Structure formats: C-alpha cells, structure tokens
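Protein sequence lines, in the order shown, are assigned to chains G and D.
For the first sequence, counting from 1, position 77 maps to 84 in our numbering; every step adds exactly one.
For the second sequence, counting from 1, position 120 maps to 123 in our numbering; every step adds exactly one.
Derived from the structure by calculation, the hints contain no laboratory data.
Treat the hints loosely; a few may be bogus.
Which stretches of chain D does chain G cover? Using the computed rule of at least three CB atoms under 8 Å from a CB of chain G, they are [unchecked claim]:
{"no.": "1", "region": "127–134"}
{"no.": "2", "region": "156–168"}
{"no.": "3", "region": "195–202"}
Here are the simulated distance ranges between beta carbons [unchecked claim]:
{"no.": "4", "chain 1": "G", "residue 1": "Q310", "chain 2": "D", "residue 2": "G59", "range": "15 to 25 Å"}
{"no.": "5", "chain 1": "D", "residue 1": "A55", "chain 2": "G", "residue 2": "Q310", "range": "20 to 30 Å"}
{"no.": "6", "chain 1": "G", "residue 1": "A330", "chain 2": "D", "residue 2": "E166", "range": "13 to 23 Å"}
{"no.": "7", "chain 1": "D", "residue 1": "E310", "chain 2": "G", "residue 2": "P302", "range": "50 to 60 Å"}
{"no.": "8", "chain 1": "G", "residue 1": "P258", "chain 2": "D", "residue 2": "A55", "range": "27 to 37 Å"}
{"no.": "9", "chain 1": "D", "residue 1": "D124", "chain 2": "G", "residue 2": "K358", "range": "50 to 60 Å"}
{"no.": "10", "chain 1": "G", "residue 1": "E574", "chain 2": "D", "residue 2": "D65", "range": "48 to 58 Å"}
{"no.": "11", "chain 1": "G", "residue 1": "W392", "chain 2": "D", "residue 2": "G59", "range": "43 to 53 Å"}
{"no.": "12", "chain 1": "G", "residue 1": "T236", "chain 2": "D", "residue 2": "S51", "range": "26 to 36 Å"}
{"no.": "13", "chain 1": "D", "residue 1": "D65", "chain 2": "G", "residue 2": "Q310", "range": "30 to 40 Å"}
{"no.": "14", "chain 1": "D", "residue 1": "G122", "chain 2": "G", "residue 2": "A303", "range": "36 to 46 Å"}
Partner residues aside, some chain G positions facing chain D, computed with beta carbon under 7 Å [stated by the list, open to error]:
{"no.": "15", "residue": "V234"}
{"no.": "16", "residue": "S237"}
{"no.": "17", "residue": "A240"}
{"no.": "18", "residue": "A241"}
{"no.": "19", "residue": "R243"}
{"no.": "20", "residue": "C244"}
{"no.": "21", "residue": "R247"}
{"no.": "22", "residue": "D270"}
{"no.": "23", "residue": "T274"}
{"no.": "24", "residue": "Q278"}
None of these values were measured; they are calculated from a predicted model.
We treat Cβ as the ideally placed atom computed from N, Cα and C, and that holds for glycine.
Here is how the chains run, residue by residue.
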Amino acid sequence: MSLVSEPTNQPPRAGTTGPGADDLAPSPGGVAAAEVSVASKVCSAFERAAEEKYSSVRAEAAAVTLTRTLQAWLDEHSFLAIQVAPDGFRAHRTRLTAGSEVAARLAAAGIRELLFKCGVERREIEHLIALFQDGETPQASPALRLWRIDFDHVVVRTADEMATAGAATAGLRAAAVVPAALTGEHAELVRLFDAGPGQATATQSTDWRHLIAIGADGRSWIHRLQVVTSEEAASRCIRRIAMCAERDPDPVVRASAAKVLGDVVETLVEQRRVPWLRDALVRLRAGGVAGQETPAWIEPSLQRLCTETNALALGAVLDDPNADVEEKTAVRNVLATLPGAVEPLGLLLEKLATMEARRLVCQVLAAVSAGDPRVLITQAAGRPWFVARNVAYVLGRIGDPGVLPLLAPWTRHEDERVRIETARALGRVPAAQSTELLGAMLEDADVRVRQSAVWALATAGDRQALPWLRAILFEDRTFRTRTAEERDDFFRTYGRLADDATFTELLEQLTQRQLLRVGWQSELRRGAAIALGETGRPEAAKVLREYAAGRDRKLREACELALASFEGRRAVPNFTDEDGWCQPARIGKAPREDQGFGLEADDA
Amino acid sequence: MLEGTSATGALTLARTTSVVSNSSPAPSAGKRAAARRLYVQAVTAYESAASALQRGAGIDLDALERIAQRTVDAMRDDAASLVGLTTVKSLAVPPAQRFMQTHAVNVMVHSVSLALAVGIDRTSCVPIALAGLLHDLGRDASVETEEHGLAGVTAILRTGPIERVAHAAWIAVEHQEEFRGPVRTIAPGSEDPSLGIVRIADAYDDLTARPGLAGSPDLVVAFLLQATGARFEPTLLQRFAQLLGIYPPGTTVRLAEGEIGVVVRPNPAIAKLDRPLVRVLRDSGGLSVPGEEWIDLDTSPATRIVESLDPSILGISPPDVFLR
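Let's have the full structure, built from the sequences with the hints guiding it.
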C-alpha cells in the first residue's frame with residue numbers, strides 16, 4: 008500500500024517530455040494560498056539548510072515544492088487514490104523525463120497515494136494505461152497534463168477497475184491501491200490544514216500553551232468519565248445508522264445504511280438482545296425519526312424480521328411462558344413499531360407447513376398489529392375463508408377491546424369455521440360487549456359454533472352470561488334436543504360462572520328427588536351435578552360424593568365425572584379451548600395454553 | 004528483518020546492535036523490543052482479521068481482544084515505546100514482506116494512551132482499544148469509503164457476540180460522520196469519551212500519515228488545536244496534546260546547536276512540553292551519528308529545539324528510530 012522507491016539524484020535528461028515547474032497547471036481556487044504557504048515554508052527551510060551546506064537541497068526543495076503543489080491540487084479535487092508499483096517504478100526510472108524526474112522526487116518524498124479523480128477520470132486512467140503500454144505519452148486532457156509519469160503500473164481497487172487495469176498491466180507487478188484519501192470529517196480537516204495554521208479560526212488564540220490548558224471544569228469532567236455500556240453503545244449505533252438511512256443526502260448511502268440496519272436488527276434477534284433493539288427503536292420514535300408511516304429505510308429490517316427463522320424466534324419468545332418478562336415486553340414493543348410487517352408476515356403465515364410454526368407467527372402478527380388491528384381485516388378482505396380464520400385467531404391474541412368491532416361482523420360469517428374462531432377470539436377479550444356477542448352465538452345454527460361460544464364464555468368468566476345460560480338450560484325446550492356433549496358443555500360453563508344464587512339453584516336441582524328418575528328432570532339433575540363439579544366450591548364436593556354413591560347410575564356417573572373435574576380444576580384453574588380444529592371435544596381436563604390452535608385440518 | 008515506511012518514504016530496516024552511551028536516558032531496550040513485538044503482532048492480527056473478512060471467513064475476536072488487552076497493559080507500563088511506533092505507517096513482516104497498513108493499530112495505541120491519560124480504568128480501556136483497532140474494518144470490506152463506517156458495522160457484528168463488539172460497531176459508524184450535516188460544535192462532556200478518544204486518535208494518525216511537513220506531528224497537533232478544536236471534544240483534545248507535547252514522538256527536529264534528530268518521548272511535565280527526549284541522527288555538521296545518541300532536553304537546559312523539519316528531504320526516516 009505504499010510507494011517504495013529509492014530517492015534518485017539522476018539529473019533530467021535533455022529532450023524530455025514531462026512537466027517541469029512551468030508545465031504545472033494553475034491550481035484551482037483555494038489551493039493557491041496553500042501552495043504559497045507550503046512552498047515558502049519549504050523553500051525557506053531549504054535556504055537555511057543550504058546555508059548550512061547541505062548538498063543539493065535547493066534542487067530537492069524545488070521538487071518538493073512541486074510535490075506540494077501537485078498534492079494540493081489533487082486533494083482539492085477529491086481524487087481516487089492510485090499507486091505506483093515499486094518494481095515497475097524502478098524499471099522505468101532509467102527513461103524518466105524531466106517531468107518524470109519530478110515524479111521521481113514525488114516518490115522519493117513519499118507520495119504514496121497519487122490521487123486521481125473519480126468518475127470522468129476513470130476512463131482517462133484506462134486511457135493512460137493503454138497509452139503507456141504503447142510507450143506513448145498522453146497529451147489530450149488538461150488534467151492528465153500533470154501526469155506525464157510512467158503509470159503503467161497503476162491498479163485501481165474496485166473489481167471492474169482491477170479487471171481493466173490488470174488486463175492492461177499484464178506481466179507487471181501491480182501494487183495494491185488505497186481507494187481514496189481522507190473523507191468526511193478528515194477531508195474537512197485536510198482542507199483546513201492545507202489552508203494553513205490559524206487560517207480557519209482566526210479568532211482563536213495561536214498560543215499553543217494556552218490551547219492545551221485544561222480548565223477547572225475540564226479537569227472535573229475528566230474525572231467523571233464514564234464509558235457507555237455495550238447496551239447503550241448498541242442503541243446509539245442503531246440510532247445513528249437509522250439517522251443516516253433516513254437523512255443522508257446520498258441515496259446510495261441511505262440504502263447502504265438501511266441494509267446495515269437490517270444486519271444489526273437480525274444480529275440482535277439472533278442473539279436474543281431484543282431489549283437493546285427496543286431501546287433504540289423507541290427512542291427513534293420519540294425522536295421523530297420513525298413516523299406513523301413505515302419509513303423506507305426500515306424496509307430491509309422488516310424483511311429480515313419477517314424471515315421464517317426470525318419470525319419464529321420472536322414468536323417463540325412471545326409464546327414461551329418461562330421467557331424473561333422484559334424480553335417478552337421488548338419483543339412486543341419492537342414489533343409494535345413495525346406495522347408494515349403485517350403484510351409480509353401474513354404471506355409467511357400462508358406458506359408455513361406446521362401448525363406450531365403458524366401459531367408462533369400468529370403471535371408475532373398479533374404484536375405487530377396491536378396498534379392498528381384494522382390492517383388485518385384489510386388483509387383478509389376478498390381472501391379465502393382460512394385467512395379470515397387466521398385473522399380472527401390473531402385478533403384474539405391481541406385481546407384488546409378495540410378488536411371487538413372487527414370481530415363482531417364475523418359472528419355471522421358465512422363459514423362456520425370462521426365463526427368458531429371468532430367465538431374463541433371473543434373469549435380472550437375481557438369486555439362486556441364480547442360476552443354479549445358470545446351470548447348471541449349460543450343460538451348459532453351450528454353446534455360447533457355454539458360449543459365454541461360456550462367454551463369462550465367459560466374462558467371469559469363474565470357472569471353477565473348467567474341469565475342467558477339459565478334461560479337456555481331451564482326454559483328453552485329446544486335445548487333438550489341438543490346432543491349430550493353440547494348440553495354437558497353448557498352445564499359446565501354454567502357451573503364455572505356460578506354465583507351464590509346459581510350455586511344454590513344447582514344444589515336444589517341435584518337434591519330434588521322424584522319418584523321416577525326419568526325424563527328431562529332427571530337430565531337436569533345430571534347436568535346440575537356436572538355444573539357443580541365446575542364450581543370449585545368445597546360444599547359442592549360434599550354433595551357430589553353423597554350422590555356418587557347413589558342408586559341412579561347416570562347420576563352416579565355424572566357425580567364421579569364432576570368430582571374428577573373438581574379435583575382437576577384445582578390443579579389447573581384456567582379453562583381454554585384445546586380441541587383440534589373443527590373437532591369439538593367435551594370440556595374435560597383443562598388443557599395447556601399452547602394446545603389451543605389447530606389450523607391443520609382444513610388448511611389444505 | 005522488518006520493513007516499514009513512514010509517510011515520507013521507504014525504509015529497509017535491519018536490526019542493529021544499539022550503542023547507547025552510559026549517560027543516555029534511552030528507553031530500555033527490553034521494553035522497546037517488547038513493544039515492537041506487540042506492535043507487529045497487533046498489525047498482523049488486524050491484517051488477518053481483515054483478510055478473513057474479505058474471504059468471508061470467521062474472525063478470531065478472542066485474538067483481537069487479547070491484542071487490545073495486552074496493548075492496554077503494555078501502555079500502562081511503558082506508553083512511549085508504543086506511541087513512538089505509531090510513526091510507522093505501513094509494515095512489511097517476513098517472510099511474505101507484504102506491506103500491511105498500521106493505521107488501525109496506531110489508532111488503537113493513541114486511543115489507549117489518551118484513555119489512560121484521562122483516568123479511564125483498564126476494564127473500560129479494553130473496549131476502547133478494540134474499537135480503535137476495528138474502527139476502519141469496513142474500509143477493507145467496502146470500496147466506497149463514504150460507506151466504510153457502515154460497512155464496518157456489518158463486519159464487526161460478524162466477529163462475535165454483540166455485547167463484546169457493540170462499542171466497536173458504534174464507533175465504527177460514528178467516527179466517520181456518515182451523516183454529512185453541518186459541522187457541529189462539541190461542548191466539553193457532551194460526547195462519549197470513547198468516541199471522542201477514537202475520533203481524535205483517528206484524525207491524528209490520518210494527518211500524520213501525510214507526506215513531508217504536512218504530516219509533521221507537531222504541525223498536526225497544532226493544527227488540531229488551532230483550527231479544529233470545535234470538531235473534537237475540547238478537553239480530550241487538550242489532554243491529547245499534553246500527552247504528545249509540542250513536538251510529538253516522530254517529529255524530526257533541529258536543535259539549537261545544529262544537530263538533527265527525532266523526538267522519541269515527550270516530556271510529561273506541562274511546563275516542559277517543548278523539551279522532549281530526542282534521538283540525535285545528524286551532528287551539527289550534517290554527518291550521520293554512529294550508534295545511538297540521545298539528548299534529554301529535560302536535563303539539558305543549554306539546548307533547545309529550534310524548528311521541526313521535513314524528514315524526507317533529509318533522508319531521515321522517523322519510523323526507523325523506533326523500529327530498530
């Protein structure tokens with residue numbers, strides 16, 4: 008990465024074609040001052056040196072002055088760096104021209120990175136190489152007029168340029184090339200530096216000692232130095248990249264920053280550092296970088312988050328009952344800032360092969376759409392029934408009363424499978440309106456919908472449903488025509504929701520003795536026993552044990568079942584739907600929460 | 004044999020037997036040798052990481068962290084030797100003799116030097132050292148220098164767990180000012196010290212890599228202080244200048260009696276910042292000095308530095324002084 012050569016003292020040869028001092032193009036504006044400053048400084052140094060009888064320093068001073076001029080001129084034009092190969096340079100030194108002698112001095116003076124302008128000049132680099140390959144000297148370009156140097160060893164670092172230059176310089180030992188000089192902040196420093204000491208800040212003192220004197224405040228501040236934590240550094244890194252992705256004037260840089268942000272996001276998800284990501288994104292939001300609409304710069308991050316691997320990883324965190332609460336909350340917060348992920352996640356959901364994967368992605372989808380669940384309905388519009396069912400599932404996982412207006416129309420959806428999932432979703436929304444909607448669904452034409460609705464009521468635990476259930480159980484004669492399984496589920500739910508009055512009524516039903524143990528009244532006693540088993544009250548257990556030893560076989564079996572349920576409920580008090588999809592099952596032992604989703608059966 | 008180049012020319016350096024006068028305040032040869040070994044190991048380790056990155060292979064973060072830790076420990080013991088080696092701007096190490104850039108290692112050394120000077124503890128110094136070492140990793144991964152800070156983040160994230168490299172990633176993206184807005188003014192204490200430290204070290208090493216007088220360390224420090232103090236955290240910058248002195252290590256200077264030499268070690272006394280330890284290379288007649296001759300201006304009140312010189316036109320290579 009450097010120009011390596013020996014300083015040369017060869018005199019210029021006659022008839023040479025390279026530029027001497029007079030051949031140098033006038034420097035563009037802004038450089039002249041630096042030229043004068045540097046040149047005069049160097050010359051005066053050499054004059055002093057000459058007085059002290061150093062040999063040939065004046066000649067060297069002239070070369071160095073030219074070096075400065077050239078360097079400043081090139082710096083001013085933000086050039087791409089190129090470099091001369093050491094071996095090649097030596098090989099060609101024997102036929103250096105007077106101008107090339109300057110080049111030799113440039114090399115000797117340590118000009119390692121001869122800067123060449125990007126863009127337009129790239130063609131000229133190739134042109135230059137080709138010309139030198141043929142032993143000619145380029146004359147045409149004013150910019151190249153400065154460069155009558157043997158450049159046949161020039162290589163540029165980009166792939167295309169490497170290919171071009173490599174082809175042109177076949178057989179030569181190519182040097183590596185530094186792609187550019189200082190950029191950004193340092194380019195500005197260089198510019199100021201070239202302007203000369205004190206030029207940029209005329210008002211500042213030039214007293215060096217004064218400048219380094221650290222005041223009392225500075226000293227105290229130094230003692231308070233604290234380096235940021237890794238978490239804060241990651242957060243600042245993300246915010247910085249996001250700012251760059253949003254505001255950099257160069258679209259290429261913006262795109263690059265957005266891509267890098269995606270890398271960071273993916274890394275944090277992979278390494279389960281979502282809280283770090285949350286902190287950065289929340290601050291971005293507070294800082295106004297992220298608006299209501301999904302900004303374009305976050306698109307690559309969305310794509311990374313919505314890959315199957317990452318979505319499943321996030322879903323696993325949300326679904327894991329043992330996951331760290333902070334991490335779970337962070338995942339929800341992060342996803343809530345990315346409403347634009349609904350569409351890609353919806354597409355992903357349709358591609359996933361297993362129920363478990365779909366369930367996890369639905370968890371992610373719920374977190375993403377929690378802020379504005381209406382977008383889910385938009386996604387489902389005009390799509391097959393199972394999309395609506397998935398959306399109903401997701402709305403249930405959001406669990407916010409805000410989803411009720413969206414679920415309400417689906418209580419009358421034409422497809423019973425959607426109505427079933429809607430009932431389940433309503434059971435997860437703790438609101439009076441959801442109980443009302445479920446109460447209405449108890450009269451649904453489809454038995455599976457009615458059963459799902461009654462399970463949902465049991466899940467919701469709202470005693471507002473008791474009068475409706477009572478009316479169905481004890482006054483609706485059509486109830487008698489329903490299947491035993493359905494009737495049992497209704498009784499169980501009634502028992503679950505039972506208040507004191509209801510409990511007393513159930514006891515009366517059970518203890519009511521009849522001469523003949525047949526007919527609907529007998530069925531009511533059996534149902535009351537089942538319901539009492541769901542109440543969880545100790546006094547119910549006592550009565551159930553009494554009747555479990557009775558002579559009525561049906562009532563005895565019901566009491567034994569109720570007692571078993573009674574014991575089971577103590578261990579697992581929650582009550583959720585656990586059945587396979589569209590396979591209503593009797594309410595038995597309370598299931599685990601993660602068994603609640605069965606999309607498998609009908610997706611095909 | 005080690006080969007190194009300064010900003011001003013080529014070197015072919017050979018290990019020679021030092022001839023140190025008995026009264027010389029020369030740094031311990033053992034410490035200098037240890038510093039050289041560590042420096043070369045650091046350059047090699049960084050080069051390996053950059054090469055691995057370009058090949059798409061894994062990067063040994065443990066090795067880089069060990070280098071950072073050893074650098075911190077070494078600088079707590081003897082900062083001058085490593086700081087002097089930062090005058091080397093590229094290095095060819097046998098057997099390949101391929102030139103390797105030293106900028107990353109130089110920034111690490113300067114960063115650690117400044118961090119220790121402002122009282123940052125060892126534990127916090129290590130991530131700063133690592134950040135200094137990796138701050139330009141993206142430059143090797145990206146041909147677009149405007150984006151090398153961003154590319155650096157991706158590259159650094161690939162090196163290991165985020166908790167170990169978050170600092171380096173952040174500084175990689177921040178140090179280059181990717182968001183090209185107006186020049187901002189940094190008030191004391193308003194910038195995280197680790198970022199401020201690496202930014203100063205980076206700028207200093209970049210500017211001293213310039214050939215000739217433009218890269219003369221004394222002019223660079225003066226320039227940083229005069230013209231661009233507002234671009235860096237002022238207190239850190241001032242402390243950095245105090246550390247380096249008026250004539251920082253690597254500066255070629257002429258003494259009042261006409262000798263020419265290279266500053267080797269700054270004077271830590273604030274009142275004597277212009278009186279460093281100088282390795283004399285030319286006598287007053289302009290002839291090379293055989294062996295090693297040192298003048299400690301701290302204890303030589305009769306003489307002084309009259310000016311700094313461009314070493315290239317004198318055939319002097321400051322890195323030679325530190326690499327031998």
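Broken hints, numbered, in rising order?
-> Hint check: nothing fails, all pass.
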